[in-house]
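With chain A's structure known, arrange chain B on it following the hints.
One letter stands for each residue in the lines below.
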Amino acid sequence: MIYPLLWMVVSSLRPDDLIFSQPGLWLSDVDLSHYPDGWNALTHPFGRYMLNSAVVVLGSVLGTLVSCSMAAYAFARMRFSAKTLLFAIMLITIMLPGHVTLVPQYVLFSQLGMVNTFWPLVGPNMLATDSFFIFLMVQFIRGLPRELDEAARIDGAGHTRIFLRIILPLMTPALATTAIFTFIGTWNQFFSALIYLTDTDMMTVPVALRLFVDSQGESNWGAMFAMSIVSLLPVFFVFLFGQRFLVRGIATTGIK
Amino acid sequence: MSAITELSRLKRGRRPLDPRERQAARRDNKEAFVFLLPWLLGLLIITAGPMVTSFYLSFTDYNLLEDPVWVGAENYLRMLSDERLHQSLRVTLTYVVVGVPLQLAVALFIAVALNKGLRGLSFYRSLFYLPSLLGGSVAIAILWRQIFGTTGLVNQVLSLFGIEGMGWISSPDTALGTIILLHVWTFGSPMIIFLAGLRQIPTMYYEAAAVDGATKAKQFWRITMPMLTPIIFFNIVLQTIGAFQSFTQAFIISGGIGGPSDSTLFYTMYLYNTGFKAFEMGYASAMAWLLVAIVGALTAVNFIASKYWVYYDD
Numbered sequence: 001m002i003y004p005l006l007w008m009v010v011s012s013l014r015p016d017d018l019i020f021s022q023p024g025l026w027l028s029d030v031d032l033s034h035y036p037d038g039w040n041a042l043t044h045p046f047g048r049y050m051l052n053s054a055v056v057v058l059g060s061v062l063g064t065l066v067s068c069s070m071a072a073y074a075f076a077r078m079r080f081s082a083k084t085l086l087f088a089i090m091l092i093t094i095m096l097p098g099h100v101t102l103v104p105q106y107v108l109f110s111q112l113g114m115v116n117t118f119w120p121l122v123g124p125n126m127l128a129t130d131s132f133f134i135f136l137m138v139q140f141i142r143g144l145p146r147e148l149d150e151a152a153r154i155d156g157a158g159h160t161r162i163f164l165r166i167i168l169p170l171m172t173p174a175l176a177t178t179a180i181f182t183f184i185g186t187w188n189q190f191f192s193a194l195i196y197l198t199d200t201d202m203m204t205v206p207v208a209l210r211l212f213v214d215s216q217g218e219s220n221w222g223a224m225f226a227m228s229i230v231s232l233l234p235v236f237f238v239f240l241f242g243q244r245f246l247v248r249g250i251a252t253t254g255i256k
Numbered sequence: 257m258s259a260i261t262e263l264s265r266l267k268r269g270r271r272p273l274d275p276r277e278r279q280a281a282r283r284d285n286k287e288a289f290v291f292l293l294p295w296l297l298g299l300l301i302i303t304a305g306p307m308v309t310s311f312y313l314s315f316t317d318y319n320l321l322e323d324p325v326w327v328g329a330e331n332y333l334r335m336l337s338d339e340r341l342h343q344s345l346r347v348t349l350t351y352v353v354v355g356v357p358l359q360l361a362v363a364l365f366i367a368v369a370l371n372k373g374l375r376g377l378s379f380y381r382s383l384f385y386l387p388s389l390l391g392g393s394v395a396i397a398i399l400w401r402q403i404f405g406t407t408g409l410v411n412q413v414l415s416l417f418g419i420e421g422m423g424w425i426s427s428p429d430t431a432l433g434t435i436i437l438l439h440v441w442t443f444g445s446p447m448i449i450f451l452a453g454l455r456q457i458p459t460m461y462y463e464a465a466a467v468d469g470a471t472k473a474k475q476f477w478r479i480t481m482p483m484l485t486p487i488i489f490f491n492i493v494l495q496t497i498g499a500f501q502s503f504t505q506a507f508i509i510s511g512g513i514g515g516p517s518d519s520t521l522f523y524t525m526y527l528y529n530t531g532f533k534a535f536e537m538g539y540a541s542a543m544a545w546l547l548v549a550i551v552g553a554l555t556a557v558n559f560i561a562s563k564y565w566v567y568y569d570d
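In the order they appear, the protein sequences are chains A and B. The numbering of the first sequence is the numbering used here, which starts it at 1 and goes up by one. The numbering of the second sequence is the numbering used here, which starts it at 257 and goes up by one.
Bound-form chain A, shown alone (with noise of 0.2 Å):
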């Protein structure tokens, strides 16, 4: 099961040539070189990728949490006109295939100018278009008592301040699961940093990664290694730190 995963890791430390003689863990000869290499291998160093991820990742989850919670409220607390349809809608955007909004789109973002931008990655999320985030919070705040709200509006609070003050501190874990799945989504986006980002200046840790197998091919193992446990490290910190929201967000809304 992990064996594959702590092989990795003990191979990136290695000589090249044990790496393609030595199935085994026990490391004998250390060889560090490869993580400066492979830092260093692409136009920049693989930091700047890694900033660029960071940024992509912190927009999109700071964008998912405001968009989503606002529109998780409004289905969970408020009446309005269509809401059932609407809600079935968004129901039904969230098993519907991406790709077949993907040629509109890239038309539209190369239109405003948005090609090699973080827009194009980040803007969607700030306009709460991962709708499974949305049922997710929705199906948290149903389970929130509805006395708080009520006493709350007795007291002359409206739907803005029941929203900040009341609903937003509690659904915290939902809060939570969310930033953790759109963190870990995010970074290891592929698809879409492959058709936006083509300059190496903007370019995210997954598509550099893909750059550095397609330039080096099969002759820098090492390397390519080192740096694909650099990448991975990220999201194994927040396995090791969120599991728990994880686990609880899967096992509660049974979806990856």
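Hint data in this document are derived by calculation from the structure and do not stem from the laboratory. The model shown is predicted, which means the values in this text are computed figures rather than measured ones. Heads up, a few of these hints could be off.
Okay, the calculated beta carbon distance ranges per label pair [as the list claims (entries may be wrong)]:
1. A/Thr117 x B/Lys472: 55 to 65 Å
2. A/Arg146 x B/Phe365: 41 to 51 Å
3. B/Leu297 x A/Phe237: 29 to 39 Å
4. A/Asp201 x B/Ile301: 24 to 34 Å
5. A/Lys83 x B/Leu377: 34 to 44 Å
6. A/Leu164 x B/Tyr462: 41 to 51 Å
7. A/Asn40 x B/Pro482: 52 to 62 Å
8. B/Val354 x A/Phe237: 28 to 38 Å
Positions of the beta carbon are idealized from the N, C-alpha and C atoms, including for glycine.
Showing chain B alone in chain A's frame:
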């Protein structure tokens, strides 16, 4: 519980309100509009608008630089004779039909084993879950490419037993298999759903069965499995939709071309190459709509078939 059950609940609808109730049920349209604004904008600009446009584009010839030219159903007719499209459908269907059930079977098996009250459950749960978080990354695809390469880990292990390995990725017979294996490796997230489902089965069912002398195997097939069928069904539907769109692993492992001899040419990879390499945006849009139709049909088939094997307690 899930988006799917929620949708079917909506279908049943609600009783119409009488005028007095209507008065009492004050709507706050204006405020709701503000709360929904980001989502509504996204729905219009990012989802609905592009959907309509892509449907139009699927009837045109379009290369991004010149204006689209209306060609009627030509793109759809072309699909009938496009051998590579047929190949990509075969590859993707094989991946879905083999990979999805295999992954779920492994997930269920491990979940049942872990549920036996093993010591350190949470440790094993995390250990098995980790691959499904990392599996979608380019890094793991790179690792896979090495492991199943000619001088990779698998062949190194085989050579310890004196077996001469082969180029698993460079052979058209096994390349797809390695990608299916990668999918199976990420069984962690359905496993967690199964574990949660197993905990919800009342223990009294097993106690009653044991009193009646049912063996462990019988208890599994007569109690555990029927109780889990809604969760299994839910997973099959979602995993099928997801697997049909998988892209990254095959793209990295095959170096972006879907080889050898198109044996890993996934549908979305062919779509990407058509649209963003050959710039046949009209044809690519038609392919996207075929994808929606296929995924929709598979989901419908799943739902129809579910009447015969999914057991609902209530």
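Do the hints match the structure? See the list:
1. A/Thr117 x B/Lys472: 55 to 65 Å: The hint (55 to 65 Å, Cβ to Cβ) holds, given that A/Thr117 and B/Lys472 are roughly 59 Å apart.
2. A/Arg146 x B/Phe365: 41 to 51 Å: holds, 42 Å
3. B/Leu297 x A/Phe237: 29 to 39 Å: holds, 34 Å
4. A/Asp201 x B/Ile301: 24 to 34 Å: holds, 27 Å
5. A/Lys83 x B/Leu377: 34 to 44 Å: Since A/Lys83 and B/Leu377 have Cβ atoms about 42 Å apart, the given range 34 to 44 Å holds.
6. A/Leu164 x B/Tyr462: 41 to 51 Å: holds, 47 Å
7. A/Asn40 x B/Pro482: 52 to 62 Å: holds, 58 Å
8. B/Val354 x A/Phe237: 28 to 38 Å: Holds, since B/Val354 and A/Phe237 (Cβ atoms, about 34 Å apart) stay within the stated range.
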